[in-house]
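Starting from the structure of chain S, add chain A where the hints point.
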Amino acid sequence: GAGVSQSPSNKVTEKGKDVELRCDPISGHTALYWYRQSLGQGLEFLIYFQGNSAPDKSGLPSDRFSAERTGGSVSTLTIQRTQQEDSAVYLCASSLIVGRGATGELFFGEGSRLTVL
Amino acid sequence: TQLLEQSPQFLSIQEGENLTVYCNSSSVFSSLQWYRQEPGEGPVLLVTVVTGGEVKKLKRLTFQFGDARKDSSLHITAAQPGDTGLYLCAGARIQGAQKLVFGQGTRLTINP
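Here the protein sequences line up with chains S and A, keeping their order. Every letter in the first sequence is one number past the one before it in the working numbering, and letter 27, counting from 1, is 47. Every letter in the second sequence is one number past the one before it in the working numbering, and letter 60, counting from 1, is 65.
Extracted from the complex, chain S is given alone in its bound form (with noise of 0.2 angstroms):
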């Protein structure tokens, strides 16, 4: 696709559910992060993927929190046990490595709104 694509666009659940949230980056870009909103502030650094490894993954809040990334390009990121806390939006971008000296453009999608009642 065009740009980076993410699902679902919006989910309710309830406390104590796992969810899972889809990334899919744009076409060959190596880099993958995702990042969590709340409440129209800041964004939450959370994980960075650089192909399938994640050298950083230093924003996980806690251990109910992980992310894959298969094959270079579509990434997962699932909450288990869902806390009422969790509720945000979570927001995933890709980017080109552009090489020593320089960070790239982010680009990023829509956002997965997470609602846990």
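These aren't lab readings, by the way, just hints derived from the structure by calculation.
Calculated pairs, SDA-like style, for lysine to any residue (alpha carbon to alpha carbon, straight line, at most 25 angstroms):
hint, chain 1, residue 1, chain 2, residue 2
1, A, K104, A, S12
2, S, K77, A, L8
3, A, K104, S, S58
4, S, K31, A, E46
5, A, K104, S, G48
6, A, K64, S, F127
7, A, K61, S, E125
8, A, K104, S, S47
9, A, K75, S, E125
10, A, K104, S, H49
11, A, K64, S, E125
12, A, K104, S, N72
13, A, K104, S, L59
14, A, K104, S, L80
15, A, K104, S, S82
16, A, K104, S, L116
17, A, K104, S, S73
18, A, K75, S, E64
19, A, K104, S, F65
20, A, K61, A, S32
21, A, K104, S, V94
22, A, K61, A, Q85
23, A, K62, S, E125
24, A, K104, S, A22
25, S, K77, A, S35
26, S, K77, A, Q109
27, A, K104, S, S25
28, A, K104, S, E64
29, A, K104, S, R42
30, A, K104, S, G92
This is chain A only, laid out in the frame that chain S set:
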């Protein structure tokens, strides 16, 4: 602890006025980016600044990176309703780093 502090957090002004949004840190950044986000959409890149003291202009928007690379500002001249949105600054701590740290954003409303 917020690594990048943006101010003001909210700003509502009339069409035609000028405004400045600030992005400050006690840390040095290799580069800073500014994004704009509209409701229901992901952020979209406006500009990247990489050199201390750098000034970039994008039509009515002027971006500046501080000499010490710890702060940045966004100035909008003659604001228009289409400028309404959430403005986010984002910094890379290390040269060539792929992880961006975001500020909490400035929600700008331009009233006709």
